[in-house]
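Work the whole structure out from these sequences, hints included.
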Amino acid sequence: MSRVKNQNNNRTLATGGGNATASGVSFQASVAALLAGQAVAGISVDRRFGLGAAKPGALRFETEAPVDDILVELNTGGWVFVQAKNSLANQSDLTSELGKTCDEFVRLWELTANGTGKHGWDRPLQSGKDALVIAVGPTSSGPIKNDLPQALNMHRSGSGATMNNSQRTAVANVRALIDEAIAERGAKASFIKADEILNFMHVAPFDFGGADRSASEACLANVLTLPSAAPAAFAVLERECERRMATRDGISTSGLRAELARSGVAVKAPLDFQADVAALRDKSARVSGTLLDFESTQVGGIDVTIDRTCTAACVAAAEGGSFVVVGDPGSGKSAVINETARRLKAQGKEVVLLAVDRLQVETLEGLSGALGIEHTLHDVLDNWPGSGPAFLLLDALDACRFGKCEALFRTVMQDVLQLDGKRWHVIASIRSFDLLVGQEFGSLFRGSPPDLTYVDRQFLAVRHIRVPEWSDAEFDDLLVRLPALRTAVEKGGQKLADLARVPFNTRLLADLLTAGATPEDFKNLGSQVQLLDLYWNKRVRPIGAGAEQCLRNTVTSMIGRGRMETSRISAGANTADALDQLQRAGVLIPVNGERDVAFRHHILFDYVASRAVIDIDDIPATQQLMRSSQAGLLLAPALSFTLQHLWENSGDGRPRFWEAIALLAGDPNSDPIARTVAARSASDFPRIDSDLNGLLALMNGKKPDLAFNSLRHIIGSLAVRLEDEREAVPAGPWCYLAEGLAPYVDKIAWPLKNLLISLIDRVGDNAGE
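So the sequence shown is numbered by this note's numbering: it starts at 242 and just counts up by one.
Honestly, the hints are just simulated from the structure, not real lab data.
Check each hint, because a few of them may be wrong.
[Said to hold, decoys possible] Label-pair distances were calculated between CB atoms; the ranges are:
# : residue 1 : residue 2 : range
1 : 946       : 858       : 18 to 24 Å
2 : 1001      : 894       : 23 to 29 Å
3 : 604       : 484       : 39 to 45 Å
4 : 360       : 868       : 43 to 49 Å
[As the list claims (entries may be wrong)] Here are the simulated DSS-like pairs of lysine-lysine, each with C-alpha atoms no more than 30 Å apart in a straight line:
#  : residue 1 : residue 2
5  : 434       : 296
6  : 370       : 509
7  : 386       : 434
8  : 296       : 509
9  : 732       : 764
10 : 586       : 509
11 : 663       : 296
12 : 944       : 994
We put the CB at the ideal spot given by N, CA and C, even for glycine.
Here is the structure:
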């Protein structure tokens, strides 16, 4: 029931609230609960409002609008303005309850006709989209309950001539009250026509002691897990609406559903969302099954799965909110994401698990199609049944390294994080490098790291968990359970043992052992590139030249399409049965119903791209490739592999390596991603003094400016490494470089100063230990 408002012709927006009688508030709460029930059930708003298939999306109570009892936002963008009157008579005085309501309609019309949409509802009303409703109780007079609703319908349809005397009298009385309210407001309301307002007016009688309560409960029963709980559900909605009336608050459909769930009333998804919820649950189960491959290490017939200790940190962090799982390539992020999802689900939580690298789409419509849902992912999660925290886990976010796909998933995560009630927490995995250069992702997860045991110091302002390499206990457990792998690691020496600490490398070694490699094959392996070279020689070379051409086709097509998958036709063109053999060898895997192919792991894409499409002997071509179609981020890891291969094959002083670095990092027009990768590689690889001779030689070479320019970026990258990985950086080579730069101090004063500061800081730290 509307409260009695002080008549003030200079006031337009409503300012009061919460002073109605107990019986009036109860009727208003019941009307609101009926509308809330329609929202929860996902059905059209009350047909008497004349709005067709429009559905309630959110309710607000005691609003700033002149018609303020209940404001219903519809999914069509329309609005329903409801005044609830438990008992209303057909009186002709403007100070009567009917007169006050007519005055409120006039003030609302004045505001909407001249409104800018600041409040959403304050814009010109549209026929068939918006409605002004007087909800009346069973004790209202006959002319109000019976004659006026019919008369207003006839007026809208243009059949006023067919009205009987009672109907004609009822509508004439309302018209007179509207005209009087217009006159009271003076010149500012003179443009308003009573018949225009009448076109939007509806009177809806309700009896919540009888048919309307039963109908509302029947509506709710269709979406409850236990239909017999419908009376309790309607009572919950009445109490919640009454509570929010007192606080002049609002609530969305998802908020209503959550309130029911919190009150112990289990709610199914709305009817038109139930198929989508089932589709996402099925998709999650299939993704989980696919990701199981990343959790196991197999040698021969022995299959071992190691529980990662960092998973417990992820599960604990999930309760506190959204976060990102970071780590180096191959550290096991997919396995951790999958195990985290499994543990959360075992706790009874709602979980949706998706693999971004299998969702190479660029639009919300395309994403819905790939997921097999009719609505957007955001809307399905908003209508998801249940209460309490729920979790959207996105694996391999780094797979969307291209603009449109990246923008899509950034929007998806942002929308989900802003859902009403903040129920859904987002957990996404991404390579550390991709998070570093794609800072838009990091901005979605602002906060402090939840567990200081698993921190990447590059992201201290990002809520994250870092997935490390195998811990000592994990690695020892793995080797005990896989004796053949232990033998290979022991015979390979310390460098191979260090390599095998990375889960991807471990599985690569296991794959090679299964394929027939002997422990002797792993001797003298000192880098991941060398391990991948061995994999190439064992898995690809035996197939023949067609396999190499097929892999080149695959990578080139992926770059052209801007996604980490391509069609079988493009991949296998002119290579006979090489594609089928590469799939049998496990290098490529079928996706999208076997229409397309992808690499089994992103690292394999990176390595193949480094061999098949990046030509380090033609730096201009490499630069052009990195810039084309925004491919720089996609090819950054591949360039890193290429530079590592060049380092290992450049001989004493690494002259060819440093020439490439000078061109990639020293050219002002260089691709920014290529420059970052080059600088990082240059700061990472040197271990002995002579490793830097090639760089010093360039200072006195034909193009010293390129060397001087590159030095600034190299020293900047080194400073970051000294901050984050101090113990892993040998100081000797950089002290040697500082000494060698003395003759060029006038050219490189600032980089040299920064280098010396970093080295002095390191010496100071060591002195204090």
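Do the hints match the structure? See the list:
{"no.": "1", "hint": "946 - 858: 18 to 24 Å", "in the structure": "22 Å, holds"}
{"no.": "2", "hint": "1001 - 894: 23 to 29 Å", "in the structure": "27 Å, holds"}
{"no.": "3", "hint": "604 - 484: 39 to 45 Å", "in the structure": "40 Å, holds"}
{"no.": "4", "hint": "360 - 868: 43 to 49 Å", "in the structure": "47 Å, holds"}
{"no.": "5", "hint": "434 - 296", "in the structure": "29 Å, holds"}
{"no.": "6", "hint": "370 - 509", "in the structure": "28 Å, holds"}
{"no.": "7", "hint": "386 - 434", "in the structure": "24 Å, holds"}
{"no.": "8", "hint": "296 - 509", "in the structure": "17 Å, holds"}
{"no.": "9", "hint": "732 - 764", "in the structure": "7 Å, holds"}
{"no.": "10", "hint": "586 - 509", "in the structure": "18 Å, holds"}
{"no.": "11", "hint": "663 - 296", "in the structure": "23 Å, holds"}
{"no.": "12", "hint": "944 - 994", "in the structure": "23 Å, holds"}
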